[in-house]
Amino acid sequence: MDPVNLAEITGSLAAVGYGLAAIGPGVGIGLVVGKAIEGMARQPEMTGVLRTNMFLGIAFTEALALIGVGLGFVWQG
Amino acid sequence: MSGITVLASEGDTWSPPSLSEFFPGALLFEGTPFEMNRIHLIAMLMVGLLSLFFVLAFSKPQLVPRGVQNVAEMALDLVRTFIVDEILGAQGRKYTAYLSTLFFLILAWNITGIIPLINMPVSATIGFPVFLALTSYVVFNVAGIRAQGFGRYLSANLFIPGVPKVMYVLLTPIEFLSTFILRPITLALRLMVNMLAGHLMLVLFFSAAWYFIFFPNSPLQPLLGIGVFAAGFAFTLFEMLIVVIQAYIFTLLTAVYIAGAVSEHH
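Protein chains in written order, with our numbering: chain A, 22 to 98; chain S, 1480 to 1745.
What the hints contain is simulated information worked out from the structure, not anything from laboratory work.
Here are the simulated DMTMM-like pairs of lysine to aspartate or glutamate, each with C-alpha atoms no more than 25 Å apart in a straight line:
| id | chain 1 | residue 1 | chain 2 | residue 2 |
| --- | --- | --- | --- | --- |
| 1 | A | Lys56 | S | Glu1565 |
| 2 | S | Lys1573 | S | Asp1556 |
| 3 | A | Lys56 | A | Glu83 |
| 4 | S | Lys1644 | S | Glu1654 |
| 5 | A | Lys56 | S | Asp1564 |
| 6 | S | Lys1539 | S | Asp1556 |
Please build the complete structure, drawing on both the sequences and the hints.
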């Protein structure tokens, strides 16, 4: 008996992979920026320090999503 | 995405942008080790323009700045206020020259991605970010060794004080990896992949708009093409932001690494 293919999916698995890889950093950057803005609203005089540290946090968090972009192109399949 | 899959299934007319975008054919000195493609030429053009700008601005400096000198002083002052003073403090002023150079060089190499007719961010090819990251690596390590001496610098970075001695078996390799190996790699990759993703997105939007408008399969597709073109324009504006933020983040991280290397405890 031949296997019956009920739900064939074609397309790029790399795109699905990148979608999954973007979840974590997305949540992460949201947390970083949200907390920073909360801090700025509570203590406006600390805005400068908070903004610098916010960008640092974004840079570290975002690295994972960016590696996802890169790998999607390296292994296209 | 549905419009793109429709076009991609037709095969011969349109294909999504790929990494070959970043490896254009050679233009000069083909076949020699000095072979150059258009990205190298853009890089040299931007370095030339940047040098010209600062030479023009500061060739005859006035006490009360006017014109170009005013613009250049404001730009340099931004780096000094928001990066050097914020992270390194007053005793870190000697790194202002390096950090300003870094910021404006990255900015110049990024911004070519959204300049019409050039449309190629130089920093999206890995060689340029790697070079910048290695320079930063040397700068922050030398800064740390100068401030603390080689042995104390290494031990301060590899042996975190205040943890049980047994934990060093686990912590020292991790610290070594994250400080001396992953730092330059992530510096280079962050810049390169950001510009690469941005460029590919713009190519995707504008090439799709081109085929929708000029080679439509149905009368509705030109309308869709105009929508896609508008989205591409919006993403160009978004790229403007990314270009500055990436230059800022690269410089900021270098400053943070220098500050961490110079301070005795962290």
